[in-house]
Each structure stands twice: as C-alpha cells, then as structure tokens.
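Visitor: This is what each chain is made of:
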Amino acid sequence: MNKLVVVITTPPFSNLSVTAINYIETALKLGVELVGVFFYQDGVLHANANAYIASDEFQAIEQWQKLKQKYDLALHLCITAAEKRGMTAESKNSIDELFIVSGLGELVELTSKTERMVQF
Amino acid sequence: MNKLVVVITTPPFSNLSVTAINYIETALKLGVELVGVFFYQDGVLHANANAYIASDEFQAIEQWQKLKQKYDLALHLCITAAEKRGMTAESKNSIDELFIVSGLGELVELTSKTERMVQF
Amino acid sequence: MTTLHIIRQSAYTTTDFEQCIQSLCMNDIIVFIDDGCYNLQHNLISTIDNSKKIQLNVMKKHALARGIIIDESIINPIEMTALVALTFSNDRVITWQ
Amino acid sequence: MTTLHIIRQSAYTTTDFEQCIQSLCMNDIIVFIDDGCYNLQHNLISTIDNSKKIQLNVMKKHALARGIIIDESIINPIEMTALVALTFSNDRVITWQ
Amino acid sequence: MAETIENSLAIINSKAPYSNTAGKDALDIALIFGSFEQAISLFFQGDGVWQLIPAQDGASIFVNDYLKTFAAFEFYDIEGVYVCQKSLQDRNLNEDFHIKGVQLLKQTDFAKKLAEHPHILRF
Amino acid sequence: MAETIENSLAIINSKAPYSNTAGKDALDIALIFGSFEQAISLFFQGDGVWQLIPAQDGASIFVNDYLKTFAAFEFYDIEGVYVCQKSLQDRNLNEDFHIKGVQLLKQTDFAKKLAEHPHILRF
Chain A
1 MNKLVVVITT
11 PPFSNLSVTA
21 INYIETALKL
31 GVELVGVFFY
41 QDGVLHANAN
51 AYIASDEFQA
61 IEQWQKLKQK
71 YDLALHLCIT
81 AAEKRGMTAE
91 SKNSIDELFI
101 VSGLGELVEL
111 TSKTERMVQF
Chain B
1001 MNKLVVVITT
1011 PPFSNLSVTA
1021 INYIETALKL
1031 GVELVGVFFY
1041 QDGVLHANAN
1051 AYIASDEFQA
1061 IEQWQKLKQK
1071 YDLALHLCIT
1081 AAEKRGMTAE
1091 SKNSIDELFI
1101 VSGLGELVEL
1111 TSKTERMVQF
Chain C
2001 MTTLHIIRQS
2011 AYTTTDFEQC
2021 IQSLCMNDII
2031 VFIDDGCYNL
2041 QHNLISTIDN
2051 SKKIQLNVMK
2061 KHALARGIII
2071 DESIINPIEM
2081 TALVALTFSN
2091 DRVITWQ
Chain D
3001 MTTLHIIRQS
3011 AYTTTDFEQC
3021 IQSLCMNDII
3031 VFIDDGCYNL
3041 QHNLISTIDN
3051 SKKIQLNVMK
3061 KHALARGIII
3071 DESIINPIEM
3081 TALVALTFSN
3091 DRVITWQ
Chain E
4001 MAETIENSLA
4011 IINSKAPYSN
4021 TAGKDALDIA
4031 LIFGSFEQAI
4041 SLFFQGDGVW
4051 QLIPAQDGAS
4061 IFVNDYLKTF
4071 AAFEFYDIEG
4081 VYVCQKSLQD
4091 RNLNEDFHIK
4101 GVQLLKQTDF
4111 AKKLAEHPHI
4121 LRF
Chain F
5001 MAETIENSLA
5011 IINSKAPYSN
5021 TAGKDALDIA
5031 LIFGSFEQAI
5041 SLFFQGDGVW
5051 QLIPAQDGAS
5061 IFVNDYLKTF
5071 AAFEFYDIEG
5081 VYVCQKSLQD
5091 RNLNEDFHIK
5101 GVQLLKQTDF
5111 AKKLAEHPHI
5121 LRF
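Protein chains in written order, with the working numbering: chain A, 1 to 120; chain B, 1001 to 1120; chain C, 2001 to 2097; chain D, 3001 to 3097; chain E, 4001 to 4123; chain F, 5001 to 5123.
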C-alpha cells in the first residue's frame, strides 16, 4: 500500500489549509496509508485550541476533528515551534487534544517509515 | 515636535523585530513624540505572554518592557488579530500587560493624531 | 525516476517558480495549485526547456475559483484525486511555497 | 513633497522592490534595511530612472552583518538616527515588506 | 503636484486574495476608516490586482468571500479605488472589474496619486 | 541517473539567514536527522546561498548566530552540502564559504543531485 507523510508548515488562517486538508482527505479516501501528519513552523497554529476564527470562515480544527473521527490519524505537533508561538502543553493548555505533542525526532521516525513525503 | 505612529505587522521571531524596536528607541532618544505603536496581523504575536523564546535569542518582549520603563509608550494590540492567533484577554490571559487591548478604531484615532506613520 | 513539483505561489510575487524551473529533470511533472494558478499566463512557462518533456497540470478548482481561464492546449486541468495519484506515480515531491 | 521608501526584502525572492521602483516620484529617497540590503548588487538598481534623482541609502549595520560590501560611490551608508531623520524630512513613508 | 488630503490613509494591496489574509486585513482597516469618516483610498498593485477581477468564486474553495464586500465601498465613503495599469498588463488582464468606480492609472499617475496621501500602509 | 539513497531527506534552503526563521528551522531538522544517523543532505539555492557566505556577523544585529553551527556538519554526519552555482552567479558572489566541504553544482547537476533523495522539504 502507498505510504504517505504530510508536513504542514503554513498557518491555518488562509485557504492554504483548505488545500492541505482536502489533499489528505482525498488520499485517505483513495486508501493511501497516512503514516502521519507533522506540523512545523507556522503550521503548529493548526493545533491552537484558543484560536478564535470567525464562524463564517473555514474552521481548520473542525475539519481535522471530522477526519480523525473517520480515519486513524496521527497529528504530530513540533512542541518547540508551538511554544515559540505561545502554545503550551502545560497548565494553561492551549493545544487541542486532537494533536500529539511531539518533537523533531518524530519527523525522523515518520521519514523512515514512509514512501512519500509532501509538504503543505 | 515630530509626531510618529508605528504599525507593526511582522512577527517577533526574526531579526525584523530588532530593527523595529531599534527604530522606535532611536526616535524616542531623538525626542520624537511617539503617539503610539499599533500591532496588527502577525505583529500581535509581540504581545504573546506565553511565547517561549530560547534564552540565547532576542527577547522582543523584554525590549518593549525596557522601553516602556524609560518612555511613555502606548502599545496597542488589535484584539481581533490576536484572537485569531489564540491569544485572549479573558480568563486564560495570554496578553502581556505591557500591551493595551485595542481594535482597529484605535488605528483611526492614531492616524488622526500623527504626522508620520511607519510600518514595520 | 521523476519528480512531482507542486507550485503554490504566484511568480509575480515570489521567485519560487523560477527556482523550480531551474531544478527540473527529464519528464518531471508540474502541478499549479493555490496561488500557483496565477502562473498560467506568466512568461516563465515559455522558458521551460521543451526537450525535458515537462507535463503541466493545474488544479482546476483552484484556477476557476480565481477567475482564471485554463487553456487546455497547454495545461492539463486535474482534480485532487489526480494530485494524490501523481504523488505516487512519481518518485518524490517538491512543494515550492 | 517626497516619499521615503524603506526596502526590507530581497528582490531575488520577492517582487516588492520592483513595485517600489514603479512607484517612485522625483527626488524620492530609498533606504535598504534588513534583507533589503541584498539588493545592492541587484540589476534592478540600474533600472531606476536617473532623471528622477533618487537618493539611495543603506543601513550600514544591516549590510555589514550580512557580509555585504557597500560601494559608497553608488549607495550612501546610514545609521538608524538618519533613518528617523529621513522619516520627517520626507513627507511620507512606504515600507515595502 | 496635487494637495495632500489631510491625514488620509492610502492602503496598497499587493497580494492575491485567497492564499493569505492580507486582502481581508486591509479591507477591515478600510471599512473602519470609512465608518469613522476618516479619509481612505485603496490602491491595487502587483498581485493585488487579482482582488478586483471578475468571475472569482471563493466559496467553491471554502473562502468566506470578502471580495463581495468591495461593492459596499461607496456606502463606506472610500475616497478612491485605484488600480495600476501596468500590473494588469503584466498579467494579461482586461480592464474589467467586479466593482464600479475603479480608476485605472498609468504608472506615473499611480505613483503621484499615492503621493497625495500622508500615510501609507501596504498589505 | 544515480541511485536513490534509501529514505534520505534533502532540505532546500531558499531564504536568506536573518529576517525569518527558515534557515534555523531547517538546521534544527538537519541536526536531528544527523544525530539519529538518518541520511540528510542540505541544498542551498536562491537567497539560501547567503547562509553560506563568509564575513557575516549576526551578533552585531542581535541574531543568535545559528550559521556558526554549520561548522559542525561533519560531526553530525550530514551527507552532503550542495550549493547552486547559478544562484551564486546571479548574486555576484564568489565561491567562497564560511564552512568546508560545500559542493558547488551546475544547474543540471544540482537538479540531479536533488533527485537522488526520496524526500524533500523546502524552507
């Protein structure tokens, strides 16, 4: 089976995230094995539980949730990149529970297991 | 006296913030009247109280603090832009107290009072 | 051994597409998505070496949303399923963003 | 009535400096700061209309930090105090970033 | 050269509409200035001109289409809406826009019109 | 064409070093891959080549100068460090770098070397 890792480095505020999520959903529908999604740089903002996006705009986090209900999905967050942007896994938890707190070591792991890597 | 408004739209993680703060400090030293600083777009991340920046890197927030101790400085934050990025003025307060929670109406006000506006 | 090149930005604003063109090998595939769709009329397209037999595709939905007309004699309009298929029918992917 | 143009990006990566050049009026002032310093050797500089008498400056510290040599016969190296002064000696400021 | 409009703000729109928030962020400023009756003009240059072209359909790619709000410019007292002719030509675009009242300016006129404003922000 | 190095990652550095975090973010990945003995190569293209030139002094503008870490590439088992010759020429830069072992590649060779890697990220 085709194995895929997606690395997301762009923020969730724009239409770029619609494309990334659409790509992943399409891959899953086609039976691609998604080894994992890794969020890095501004991509970590996808996991920000406190972000308020106007209700008439695309809610990336809801879409991740929907995908995760339907498929087995590992969403890894680079915690260093997240902390730089004011997100924390500690007391004032600001990371949505859909996401797994990881580090760059996880990217090494994902790379070793996948056939293809795509950056969005 | 020369009146100045600075609008900051770039994030604090890079050397761009060093330049902005250096410009403002130099203006204040030269006796320019700083009507206010307005943070918009990714610029609002300057006010993120929870951001963790490695100790060997430039700490923008410390520099704003130093400036504010020395000069009368109004640091206005566009709250809509901040909330989009997971910052909130409510219970889980994540906005540093150096900054004033404002809206775009404040930018109208600042514009009407200044001689020059500079974007960084 | 071919590469899938995904172009996400307008060449009128950034030089990413230009760098992509410099990195093409024989039979590589280009797909314009997102703001990359604005490049369909950019003259950089004519600088692509014909002998390399590069296939040009565009995400149809992304182009139409931007009011861009697709000249199908030059560019092949595709759907998202095709982009996923191209991910695996080529040997690697570079996203120019 | 002149404008101070602050250039913060490399013209090798984005087209901001090109748009700046298209927006110049007589006697306008350009200051290269941050990554704008990389433009000192860019051939866009030679496309600036001589008759407009545009004065070119560069933030000396920013250029030196980037290992860029300043040719003082073309570009005037300045300090931050001069940038603040230029803010008020011109009538408006545009930041191209 | 024309007189400066006192305290007026010019916004240069330089980004295409969907892949980032620049256009929407600029629009939000324009509407606030308009509603406070503070003079504001909008300039479209570079890829910013794509914000004005017709037959766009953001909804089809799940964009909340802020470009539709441009039709309200006249109600908000936006002083002027200017587009750079050269930027259109560079992109093989016609002088055809999804709103009325857009003023097409040659390069030198675009620069001069911009210089009538004491304050300028660029998005 | 050369064989693919199994599971190796290539990183294309396309940004100048100081005005954004791209170069540092790429370096962090490279060092982790190196320390896990996972094959990794670094490519410098476009404004990325500025990361390699000598006589830079980030400290003078308060940058924590991550470029100095480049000297440790050999200890971290970085497979190769490649620079695009055309990008240097476009910027009137000499073939002179602040680290050893940089391989200068003509445009076609740069593309081919890149194509030896199954995974590619660009920063």
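Since the hints were made in silico from the structure, they are not lab data.
For every residue, glycine included, the Cβ atom is placed at its ideal position computed from N, Cα and C.
Hints should not be assumed to be uniformly reliable.
Claimed, not checked - Here are the simulated BS3-like cross-link-like pairs (lysine-lysine), alpha carbons at most 27 Å apart as the crow flies:
1) Lys1070/B with Lys1113/B
2) Lys1003/B with Lys4106/E
3) Lys3052/D with Lys1066/B
4) Lys113/A with Lys29/A
5) Lys1003/B with Lys3061/D
6) Lys1070/B with Lys3061/D
7) Lys3/A with Lys2061/C
8) Lys3052/D with Lys4106/E
9) Lys2052/C with Lys5106/F
10) Lys5112/F with Lys2053/C
11) Lys113/A with Lys3/A
12) Lys3060/D with Lys5112/F
13) Lys3061/D with Lys5112/F
14) Lys3060/D with Lys1029/B
15) Lys4113/E with Lys4086/E
16) Lys5086/F with Lys3/A
17) Lys113/A with Lys5113/F
18) Lys5112/F with Lys113/A
19) Lys5113/F with Lys5068/F
20) Lys66/A with Lys2060/C
21) Lys4100/E with Lys4086/E
22) Lys2053/C with Lys5113/F
Stated by the list, open to error - To give an idea of the chain F side of the interface with chain C (calculated C-beta under 8 Å), a few residues:
23) Ser5014
24) Gly5034
25) Ile5053
26) Ala5055
27) Ala5059
28) Tyr5066
29) Thr5069
30) Gln5085
31) Ala5111
32) Lys5112
33) Lys5113
34) His5117
Stated by the list, open to error - Label-pair restraints from in silico Cβ distances:
35) Asp2071/C with Ile3048/D: 52 to 60 Å
36) Glu1062/B with Thr5069/F: 20 to 28 Å
37) Glu33/A with Ile3048/D: 37 to 45 Å
38) Asp3091/D with Glu1090/B: 50 to 58 Å
39) Ser5035/F with Ala1054/B: 36 to 44 Å
40) Gln5107/F with Ala54/A: 30 to 38 Å
Visitor: Work down the list of hints and note, for each, if the structure agrees.
Guide: These are the hints, each one checked on the structure:
About 22 Å separates the Cα atoms of Lys1070/B and Lys1113/B, which keeps this hinted pair within 27 Å; it holds. Restraint check for Lys1003/B and Lys4106/E: not satisfied, since their Cα atoms lie roughly 33 Å apart, outside the 27 Å limit. Distance hint between Lys3052/D and Lys1066/B is unfulfilled; the C-alpha atoms sit about 42 Å from each other, more than 27 Å. A distance of roughly 20 Å separates the Cα atoms of Lys113/A and Lys29/A; the hinted pair therefore holds under the 27 Å criterion.
A C-alpha spacing of about 26 Å is found between Lys1003/B and Lys3061/D, which places the hinted pair at or below 27 Å, so the restraint holds. Pair hint Lys1070/B plus Lys3061/D holds up; C-alpha atoms about 25 Å apart against a cutoff of 27 Å. Restraint check for Lys3/A and Lys2061/C: satisfied, since their Cα atoms lie roughly 26 Å apart, inside the 27 Å limit. Between Lys3052/D and Lys4106/E the alpha-carbon distance is near 17 Å, which keeps this suggested pair within the 27 Å criterion.
Among the hinted pairs, Lys2052/C with Lys5106/F is consistent with the structure: their alpha-carbon atoms are about 17 Å apart, no more than 27 Å. With a C-alpha separation of about 16 Å, the suggested pair Lys5112/F and Lys2053/C falls inside the 27 Å cut-off, and the hint holds. Taking the CA atoms of Lys113/A and Lys3/A, the gap is near 8 Å; set against the 27 Å cutoff, the hint holds. Using a Cα cut-off of 27 Å, the hinted pair Lys3060/D and Lys5112/F is violated, with the two alpha carbons roughly 39 Å apart.
Taken as a hint, the Lys3061/D and Lys5112/F pair is broken in the structure, with Cα atoms around 39 Å apart against an allowance of 27 Å. A C-alpha spacing of about 20 Å is found between Lys3060/D and Lys1029/B, which places the hinted pair at or below 27 Å, so the restraint holds. A threshold of 27 Å between alpha carbons decides the hint, and for Lys4113/E with Lys4086/E the separation of about 15 Å falls inside it, so the pair holds. Restraint check for Lys5086/F and Lys3/A: the C-alpha separation of about 35 Å exceeds 27 Å, so the hint is violated.
Our distance criterion of 27 Å between C-alpha atoms is met by Lys113/A and Lys5113/F, whose separation comes to about 22 Å. Restraint check for Lys5112/F and Lys113/A: the C-alpha separation of about 24 Å stays at or below 27 Å, so the hint holds. Between Lys5113/F and Lys5068/F, the direct Cα distance comes to roughly 25 Å. Compliance with the 27 Å bound is thereby established for this hinted pair. Our distance criterion of 27 Å between C-alpha atoms is met by Lys66/A and Lys2060/C, whose separation comes to about 25 Å.
At roughly 20 Å between alpha-carbon atoms, Lys4100/E and Lys4086/E fall within 27 Å of each other, so this suggested pair holds. Restraint check for Lys2053/C and Lys5113/F: the C-alpha separation of about 19 Å stays at or below 27 Å, so the hint holds. A least Cβ separation of about 7 Å between Ser5014/F and chain C falls short of the 8 Å threshold, and the interface hint therefore holds. The beta carbon of Gly5034/F comes no nearer than 21 Å to any beta carbon in chain C, farther than 8 Å, and the hint placing it at the interface is violated.
Nearest Cβ of chain C to the Cβ of Ile5053/F: about 18 Å, over the 8 Å cut. The hint is violated. Contact between Ala5055/F and chain C, as hinted, is not supported at the beta carbon level, the nearest pair being about 25 Å apart and thus beyond 8 Å. For the restraint placing Ala5059/F at the interface with chain C, the shortest Cβ-Cβ distance is roughly 29 Å, beyond the 8 Å limit, so the hint is violated. Nearest Cβ of chain C to the Cβ of Tyr5066/F: about 22 Å, over the 8 Å cut. The hint is violated.
For Thr5069/F, the interface hint is violated, the least distance from its beta-carbon to any beta-carbon of chain C being 25 Å, above 8 Å. With a least beta-carbon distance of about 11 Å to chain C, the hint placing Gln5085/F at the interface is violated under the 8 Å criterion. Interface hint status for Ala5111/F: upheld, as the beta-carbon distance to the closest one in chain C is roughly 5 Å, under 8 Å. The beta carbon of Lys5112/F is positioned within 8 Å of a beta carbon in chain C (closest approach about 6 Å), and the interface hint is therefore held.
Taking 8 Å as the C-beta cut-off, the interface hint given for Lys5113/F is violated, the closest approach to chain C being about 10 Å. Hint status for His5117/F: holds, given a least beta-carbon distance of 7 Å to chain C, under 8 Å. About 36 Å separates the C-beta atoms of Asp2071/C and Ile3048/D, a value inconsistent with the hinted range of 52 to 60 Å. Checked against the hint of 20 to 28 Å, the pair Glu1062/B and Thr5069/F passes, with Cβ atoms roughly 24 Å apart.
Taking the beta carbon of each, Glu33/A and Ile3048/D are about 55 Å apart, not inside 37 to 45 Å as hinted. A C-beta distance of roughly 42 Å is found between Asp3091/D and Glu1090/B, which places it outside the suggested range of 50 to 58 Å. The hinted range of 36 to 44 Å is not satisfied by Ser5035/F and Ala1054/B, whose Cβ atoms lie roughly 18 Å apart. Checked against the hint of 30 to 38 Å, the pair Gln5107/F and Ala54/A fails, with Cβ atoms roughly 46 Å apart.
Checked against the numbered hints given earlier, the structure breaks hints 2, 3, 12, 13, 16, 24, 25, 26, 27, 28, 29, 30, 33, 35, 37, 38, 39 and 40 and satisfies all the rest.
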